[in-house]
Every structure is written in C-alpha cells, then in structure tokens.
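Trainee: Each chain, letter by letter, is given below.
Number of protein chains: 2
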Amino acid sequence: MSFTQSVSTHSARQDFLEAPLDRAHAESLQRQLYQRLKEGILKGQLAAGSRLPGSRALAETLSVSRNTVTIAYEHLISEGYVRADRKGSTVAALMRPVQREAQAENNAPSRVALRLSRIRSSPARSDTSTALRPGVPSLSHFPLAVWRRMLDRAVREASPAELNYGDPFGQAELRAAIAAHVARTRGVHCEPSQVIVTEGAQEALMLCVRLLTNPGDTAWVEDPGYRGAKAAMHAGDLRIVPKRMDEEGLHVGAADWRSRTPRLIYTTPSHQYPTGAVMSVARRLALISDARKHGTWIIEDDYDSEFRHSGEPIGAMQGLVADAPVLYVGTFSKTMFASLRLGFLVMPPRLLVSAQDALREMLRGGHSHEQLAMAGFIESGQFARHLGRMRRLYRERQHALRGALTRHLRVPHIIEGGQGGLHLAVRLPRDFPDARIAEAARQYGMAPMPLSSFAMAPALEDNGLVLGYGNTATELLDPLVKRLSQLVLTAGG
Amino acid sequence: MSFTQSVSTHSARQDFLEAPLDRAHAESLQRQLYQRLKEGILKGQLAAGSRLPGSRALAETLSVSRNTVTIAYEHLISEGYVRADRKGSTVAALMRPVQREAQAENNAPSRVALRLSRIRSSPARSDTSTALRPGVPSLSHFPLAVWRRMLDRAVREASPAELNYGDPFGQAELRAAIAAHVARTRGVHCEPSQVIVTEGAQEALMLCVRLLTNPGDTAWVEDPGYRGAKAAMHAGDLRIVPKRMDEEGLHVGAADWRSRTPRLIYTTPSHQYPTGAVMSVARRLALISDARKHGTWIIEDDYDSEFRHSGEPIGAMQGLVADAPVLYVGTFSKTMFASLRLGFLVMPPRLLVSAQDALREMLRGGHSHEQLAMAGFIESGQFARHLGRMRRLYRERQHALRGALTRHLRVPHIIEGGQGGLHLAVRLPRDFPDARIAEAARQYGMAPMPLSSFAMAPALEDNGLVLGYGNTATELLDPLVKRLSQLVLTAGG
Chain X
1 MSFTQSVSTH SARQDFLEAP LDRAHAESLQ RQLYQRLKEG ILKGQLAAGS
51 RLPGSRALAE TLSVSRNTVT IAYEHLISEG YVRADRKGST VAALMRPVQR
101 EAQAENNAPS RVALRLSRIR SSPARSDTST ALRPGVPSLS HFPLAVWRRM
151 LDRAVREASP AELNYGDPFG QAELRAAIAA HVARTRGVHC EPSQVIVTEG
201 AQEALMLCVR LLTNPGDTAW VEDPGYRGAK AAMHAGDLRI VPKRMDEEGL
251 HVGAADWRSR TPRLIYTTPS HQYPTGAVMS VARRLALISD ARKHGTWIIE
301 DDYDSEFRHS GEPIGAMQGL VADAPVLYVG TFSKTMFASL RLGFLVMPPR
351 LLVSAQDALR EMLRGGHSHE QLAMAGFIES GQFARHLGRM RRLYRERQHA
401 LRGALTRHLR VPHIIEGGQG GLHLAVRLPR DFPDARIAEA ARQYGMAPMP
451 LSSFAMAPAL EDNGLVLGYG NTATELLDPL VKRLSQLVLT AGG
Chain A
1001 MSFTQSVSTH SARQDFLEAP LDRAHAESLQ RQLYQRLKEG ILKGQLAAGS
1051 RLPGSRALAE TLSVSRNTVT IAYEHLISEG YVRADRKGST VAALMRPVQR
1101 EAQAENNAPS RVALRLSRIR SSPARSDTST ALRPGVPSLS HFPLAVWRRM
1151 LDRAVREASP AELNYGDPFG QAELRAAIAA HVARTRGVHC EPSQVIVTEG
1201 AQEALMLCVR LLTNPGDTAW VEDPGYRGAK AAMHAGDLRI VPKRMDEEGL
1251 HVGAADWRSR TPRLIYTTPS HQYPTGAVMS VARRLALISD ARKHGTWIIE
1301 DDYDSEFRHS GEPIGAMQGL VADAPVLYVG TFSKTMFASL RLGFLVMPPR
1351 LLVSAQDALR EMLRGGHSHE QLAMAGFIES GQFARHLGRM RRLYRERQHA
1401 LRGALTRHLR VPHIIEGGQG GLHLAVRLPR DFPDARIAEA ARQYGMAPMP
1451 LSSFAMAPAL EDNGLVLGYG NTATELLDPL VKRLSQLVLT AGG
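Same order as they appear, the protein sequences are chains X and A. Residue numbering for the first sequence follows our numbering, starting at 1 and increasing by one per position. Residue numbering for the second sequence follows our numbering, starting at 1001 and increasing by one per position.
Treat the hints with care, as some may be off.
In silico lysine-lysine, BS3-like type, Cα no more than 25 angstroms apart, as pairs [unchecked claim]:
#1 X:Lys38 to X:Lys87
#2 X:Lys243 to X:Lys293
#3 X:Lys293 to A:Lys1043
#4 A:Lys1243 to A:Lys1293
#5 X:Lys43 to A:Lys1293
FYI, nobody ran anything at the bench for these hints, they're computed from the structure.
Input sequences plus hints: build the corresponding full structure.
Mentor: Encoded structure:
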C-alpha cells in the first residue's frame, strides 16, 4: 500500500507517518524514517507542538525494530527538529525563514572587490593557445619527465609526517636551495631563515601588504606597471600613487618625497614590467637612501631576472648595500611553470624578527612534496641546465621577433626592453590605438597586451603592444608579426 | 704582479685598474673586469666624475681584446655606474646611502600584523610527533601509494597547457567532483560553477573577508572558536565580536541584532570547533532568516563533517533553504592530508555574479596536477573508501579515549562533542588551569590544547582540554590519558 492509495479514514498525518518503508537493512530503514520525519517537519505536515507517536507504537506500525525508531528520534532531537520531555517527543517550533522579498541588499561587494573588478580585464590567463601572450614561458620545453621523476621520488620518500602542514615558511631543503640560488645568481644576501616560500609572487606581494601597511597608507607603483601588484595593494585598501619611468627606470625626485610619504614602493628594477627599463645604480642607491630616511619599504620584484640576454646580470637591490629596506620577491612561474605556484620572499632580518609571529598565523605551509621536488630539481643541477637552455631559446626568439618587426611593421615605432625576459614593448603612434589592435589580434589567435592597459594614468606615449615571445614557436614569429602589422595599419585607418 | 705588490710610482687608481686579470675565456675576462670596475665605483676607488681610460688603452694594458673592455663599459653604462659622452666614459656620481643611524623607524608592523602576533600561540603546527594534538588526521593511514599513482598519472597525462596558470577558480574536473560530493554527502545545493578551489579552508576564509567586508566592519565569531577564522578577520581589519554557544550551538538573540549589525557571521554548525556543539535546526533557520533581513553573510565552515560517528549526517545550512545567504567552506586537510592544501568555497550564485571579476584578480589558479589527481581520487571511489575506513578508525579511537578518561581522570569533568570529528573537549574545574596542564603535557610529548586558548573572552567554563585522537594510535590512548590525568591532578595541587 503506497501513500497515495491509503484508506481515507486515515488522517493525512497518519498516512504520512505510517506509509511503509522500503525493505532494506536496518541502517537504511533508520535513514528513511529520519528523512521522512525531517521532511514532514520542514514542510509543516507534522505541525509544530504536535506529539509524535511513541517509538514502540510507530515501530509496530512500520514493522521495524523499536531501535530504528529510537535512533531516528534521537537524531532529530540532537538536531533540534524534535523536543523530548517526560511525556514523549514533540515537534519543535522552527522559525520559518522570511520570504525573499524581505531580504536586505547584501550582495554589494566590498570596496576592495569593487576596485579589483575595475582593474582593466586582461585576456583570461587560462587561455594558453594564444600566441604572443606576455609572461608565459615555453611550456613545451619544460622537462616534464624529469620533474615527474623528482616529484614521484619526493612522494615515495616522504615520511607520513610530511603529510602534515609542515613549516609555515616552507620546507627547509627548499629555503636553503633558494638562498644559495639567489646569492649565486642575483647577489642577494640572505640566510635560508630569511626565505619564505609562497604561492607564487602574488602571495609574497599580499604578505608584504598585510605585514607592512594599514588601510589608507600610500604605495608608489611604477606606471605602466604590473597589474598583480596593484591587485595586492587594492586588497590592502592602499592609496596607490602611480610614478613614471624614464631611461634610468623609476623616476622619483625630492618633490615626490615631500608629498605624502609612501609606506611601500613596488619596483621591478632589473627589467621593468612591461617597459623593460633597467634602473640605474644611481637611482637604486638614491631610492634605498630615501626609503631609509622616510621609513619606507621597497618591494623588489625580480620576476624574470634569470633570463638576461645581454651582458652581465644586474645584481639585486637587496644586496647592493648592507641592510637595505628591501623585501625581495621571486617566482618560479617563469623559470619552471606557473601552475606549480611557487614563489618566495626574502625578508630583511630585523623585519623577520618583528613579523614572524604574524607570518605564522598567515601561512599554513604545505605542498611538501612539490617543495621537496623543487629543492631536488635545484640541487641536482637540473634547474640551472633548464635555465641555460631556456635563456638560449628566448634569446633566439627575441632575435626572431625583432627581425620580424623590422621587416613588417611599417609604422614608426620604438622597441623597448629586451635586455632580458620574455617580452618586448613596442610603442606606437597614438593614431594606432593599442586596445583596438589587441582586440583585432585576438580574432587571429594572438594575445599581445595593450601597453595602455598596464597604466593607471596612461600618458600619450603609453600606446603600444607588449609582445611575449616565451611560448610562441620561433618559426611562427615572422608570419604572426606580418599579420599583426597589417592589423596595426587597419586600426590606424 | 699582484695588486699589493705593485710598484709605488703607480697611483693607487692605476694599480687598481691595471692589475692583471685571471687568464680565462673571454666571457670570464669581461665579467672580471666588469666586477672590478663596479666594485671600484661603489667603494670610491674610482671617484665620481673621473674619466675612465679609453677602451683601446685599457685593453692593451690588460692584454685583453678591446671588445672585452667595450662590453664591460657598455654594461656599466646601461646600469648607470658610468656615463658616456663624446669624449669617452666618466664615472657617474652615485648618491651614497645615508648611514644606518639616520634611518627612520620603519620596522613597526601593520596593525593587522600586531593583532595577529597577539593571537595566543599554539604549539607549532609542524610538530607532528606529539600525541593528542587536535585537528590532525591519521597520517600513517593515508593511502599514499594510491595517491602517488594518481598524481603520477596526472603529471604524465597532462598537456603542456596544464603547466600554465589554469582556471583561477580551479580545474573543471575537480570543481565538478566536489559539487557532486558535497551534494551527495552534505546536502549542499550547487553547480560546479559555484565551487572555487582554494588553498585549504584558510584561503577560502580570506577570500570571504576580502570580498565581503570593508575594514572596520563587524564580524561575529563563535567563542571559543577556530583561531584561523579570527586570523582571517584580523587580516581584514574587522571588528570581531565573540558570541557564546549553548547546547543548541551559537546563541544570538534579538538584542544582538539590535546592536551593530554584523557583516559576517562565522560558524561551524555541524560540529562546533572546539566544543562540538551541534546547531539545532531552529537556530539554523533563525540565523539564516535574521542574516537575510540584515544583509549579513554567513560563513559555514563544515571542517570535519565527513566524520560523523553517531546517527545521520546533519545537512549543511547552505542547502537547508533555497538561496540562503551562506558561503560554504570545506577542506581536504582532514579527509586527505594537510600539506595537500586543498579546500573549497561554494559561493551563492548572485554573489558569484557580482564578485567574479574581483575573484579573478585575487586568484591565480595553478596546482593543476594535484587538482586533477584529487578529482581522480574522488571519481574512482578511492576517496569514499578512505573516508569509510577513517570513520571507523576515528570512532574506535574516540571510544578508546572516552574509556581511558572514564578510567583515569579523577577530577569532575564534562566531555563535550564527539558526535563527529577528530577531537573531544573536556571541561575541567577552574582550579585545574588548562594552560598549565597543556604546558606540562608537552614535556611528555603530548599536545592537548587548552580550551581557554580558543576563546577571545574566556568564561569560567572555558577551562579544559581539547584532545585530538585522529593521529594518536588507539593502543596509546590509555597510557597517555593515564599520564595526562596525573598532570591534571598536579596542576590543581
């Protein structure tokens, strides 16, 4: 007898309660009964304040053990659907949720979220198929088989203890390997204890903002500049002041320092992103000196310094003078691969002392297997070998890109940067609007970035294209640039 | 002839410049010269404004090719150490950094950092050897060989495109697997598009705070409650208001709502951390209803709901009524292992619409291999199998812990929680101070947490111990509790 076929002399409530359960093992019966009762209470079929049948009676009606009923009742009691007193079990009075129309307007995002959503949108980072995208290393040249072996060994050899959170500052092996690597290649002066392993450069920037700033503090950023740094500062509710570059890099003078003193300065001195300017040593020393006088911290983002194509690598600001007020940020996103999400922050020792308790609350450690594999990759020399191969590849690709621009780009232009890295910036006359060219290029599977999209306060000369050559095959550069040059002409027409 | 042996008729400057270079290949010669010149400029041996020898002359003196000198000079020019004019190369005037004593006081951490560093310190999370620590699953029972196989397959089968950032919201396969899992086991109503994969629950909490609050906004938290939630809120500069629980869970009344309206409420309704209280359905419905009226968001942290030891699992608040103003947070830290750093956030659809641009700026995606392996682990049924085994293990361990407490703990006490999870809370009379007991226990390799350390405003009854049984072998529980009971008596003496 099903519920709908029930005899009319039964009350609807009784029908509901006494409809037979599907035959099954005890646990299933108990679950069915629990769900039936709960649903009845939530839908009002079992009215608030009404008494439930005794467990013995209901068990007999349903031909189940009394225990089945008791457990279902107890469970409803523990959840608050049912109240127990000396006389038995009563359906609890549940407050009904108000209707949707009475709902307060609570989907307004925070100021931070609003500001973040107004950062000009970039082509989705997840779209890897597009050519000329800046900031992507050659994915097909990564030695995945070697990495797979290293990762597998790390998982195999790890003790169960490695499954726990681990040191919030990162695996000791990796911190030591990073400290040695940046000392050797970048002139960074640090102990492994100063190295904090992060989720890429982005988490390192977030940590700097959270550790060092209060909402409303001022931060200077390079303009045009890296969008991710601005996102981290928006998240910290900072007042972001754009500063321009010239051929010696970030340009700030005495007048700037006389206005509101910044708490933070974000800079990419070894290869400004995206213009490629190299900050001169005089500027570096002056910036360090001024920052020191004013109690300002410098965040030095050394994002693609490993790929230096001409001359001696320029040493990091962090190691230029002793005890510089510099937080050095690095990433493996371009030297290994982005989805590895490994970066690092080198903290000044005296800041580490005052900030380490807070850092321990902010960081959770983890990713032990990946970190151990990365340490092995560095220590075995595989990392240096891969970097060497990639440096040659990127040099070749940049050369091909320059050649193609010379052959095909028939409008006046200036090529900037190129001493290192994975991209060139090409400035164009303002009659050839960069956003329009970039939009047209996407139709042809190309993803150059408009230079103006990197600027908070775009100047006239911030019209141009940022062209990535890291993940675009050398032989494709000529035909792509040929097509792109046609699109430039069309956009100007 | 070394530098120190040089003939005295030479000026020191000439000595410095003309000391022979180590014989080596061209690149090394060029690097040596570059470094010598740079060091001389930085140390003042080559004075600002002084002219460098012509490249031909210096090349002859040093017996190197002229090209070696030219490249070294060019490099110094590009870095700003040297200025080139029509007459030749001149040492640039570098501003000297000021001395350390002139340095402004800039190592004061932010307000957020100060507040975070004042959260009472817990035993280091990285210390896994200690028994009875709350929140740690059985590490030795994790099927690491299966996981290793899954991860290795994910790396092997991944395309080069998976090495890029990937979808900032997480791999599609994992989002779908999570949506199906929480719908089946927790009654959460969601589409895969609402699921955002995060770095454990902690990043999910951080995102909630950053998306939904402005500095100074009010947040209600359970007290005693989860420290990580407080850390996320401190990081957002929120005004944190502690709220008490009773036997029906978080207790807020009309008077609370008449005072400053919270923007966020953080709750662990299915198993309050650490007291184990289960929020009644009446309370859940009332909280949803009130939150809706006041434009408040509820963060439902369902941190160990998979380990329910008695009765039917309690469904999530998120799925209790349609369109509840609830952000549902889950983690794999306790169901898999903590160093995996995988958690997730289920967003209400209308919030997702307004917040997705901001979220795309905040998140970087990545960890594709781990996410694909996790999706495979769920879809293959390995996850459900592991959960089933762990549920039985933890039930057995909890039973053993309760038995040991009954046998050995000779002071009046109340055991709280235990309907699920990996820990029990044992309240003790206030003459037995919990911090002193926990401190004494650490000497014996045990890490129970003082209940009072979870409270912002500890009440008299917040004296006790939070005992984790997840990662402590069943047969050790009796001797450990015996020892701990002696320490309790001693602390009260």
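Trainee: If you check each hint against the structure, which ones fail?
Mentor: Of the numbered hints given earlier, the structure breaks none, since each of them holds.
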